[in-house]
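Each chain, written out:
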Amino acid sequence: GAGVSQSPSNKVTEKGKDVELRCDPISGHTALYWYRQSLGQGLEFLIYFQGNSAPDKSGLPSDRFSAERTGGSVSTLTIQRTQQEDSAVYLCASSSYDRDYEQYFGPGTRLTVT
Amino acid sequence: KQEVTQIPAALSVPEGENLVLNCSFTDSAIYNLQWFRQDPGKGLTSLLLIQSSQREQTSGRLNASLDKSSGRSTLYIAASQPGDSATYLCAVRWYSSASKIIFGSGTRLSIRP
Chain A
1 GAGVSQSPSN KVTEKGKDVE LRCDPISGHT ALYWYRQSLG QGLEFLIYFQ
51 GNSAPDKSGL PSDRFSAERT GGSVSTLTIQ RTQQEDSAVY LCASSSYDRD
101 YEQYFGPGTR LTVT
Chain B
1 KQEVTQIPAA LSVPEGENLV LNCSFTDSAI YNLQWFRQDP GKGLTSLLLI
51 QSSQREQTSG RLNASLDKSS GRSTLYIAAS QPGDSATYLC AVRWYSSASK
101 IIFGSGTRLS IRP
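Chains as they are written, first to last, in this note's numbering: chain A, 1 to 114; chain B, 1 to 113.
Worth flagging that the hints you see were computed from the coordinates, not collected in a lab. Heads up, some of the hints might be wrong.
Simulated crosslink set (SDA-like; lysine to any residue; CA at most 20 Å straight-line) [as the list claims (entries may be wrong)]:
(1) B:Lys-42 to A:Val-12
(2) B:Lys-100 to A:Ser-66
(3) A:Lys-17 to A:Gln-84
(4) B:Lys-100 to A:Asp-56
(5) B:Lys-1 to B:Arg-112
(6) B:Lys-42 to A:Pro-8
(7) B:Lys-42 to A:Ser-38
Covered stretches of chain B, going by a simulated chain A footprint (3 or more residues, C-beta under 8 Å) [said to hold, decoys possible]:
(8) 11 to 22
(9) 45 to 59
(10) 104 to 111
For clarity, every value in this text was computed on a predicted model and none was experimentally measured. Even glycine gets a Cβ: it sits at the ideal position worked out from N, Cα and C.
Please work from the sequences and hints to get the whole structure.
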């Protein structure tokens with residue numbers, strides 16, 4: 001595709017439910033990143049994928065958060081048993097070695113936990 | 001600890017002025033530094049990427065410089081326009097943790113017509 005896409009654009013869920021957020025990176029980009037941006041805050045790194053593997057999961061805030069990437073392309077971020085503090089905008093970015101790892105961001109998914 | 005700081009948090013200037021946004025970072029062994037703009041409710045748009053070996057990059061009215069020894073980067077915006085109003089973020093990738101990028105908290109820029 002022309003850019004990074006994310007779905008859904010908005011998600012409202014009840015506390016305790018599980019949610020899945022999807023990221024479709026730019027075709028051919030081997031690296032994929034998930035970030036979280038809380039209201040009025042900066043970007044918080046969550047996880048990085050190189051291909052299908054995730055060498056750096058250090059940013060995941062708790063074991064309720066997990067992510068996977070299949071076929072070196074689409075990635076899913078799953079939040080189990082959502083809490084109100086999970087409310088934020090979740091941003092995905094992709095990059096590739098031949099572009100000096102310049103990051104391109106998707107529009108984000110705004111998650112609201114009620 | 002690797003950190004990225006942007007000061008000021010907010011800046012308001014009249015249209016037409018030239019301005020400089022600052023980004024400072026600890027640990028000079030950076031791989032690259034990237035400047036972004038973020039419009040309200042939107043994702044991030046890449047403005048400029050500076051590699052470790054470079055001193056500056058230019059795109060239109062924007063010029064970004066890098067001084068690793070002092071741990072600083074500046075984003076210069078010439079002849080500012082109301083459409084430049086946005087939050088500007090810098091992000092740093094280090095060699096020691098090349099998979100992890102740390103963002104500054106941003107400078108919210110407002111250009112008054």
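- Provide an ascending list of the numbers of those earlier hints which the structure does not satisfy. 5, 8
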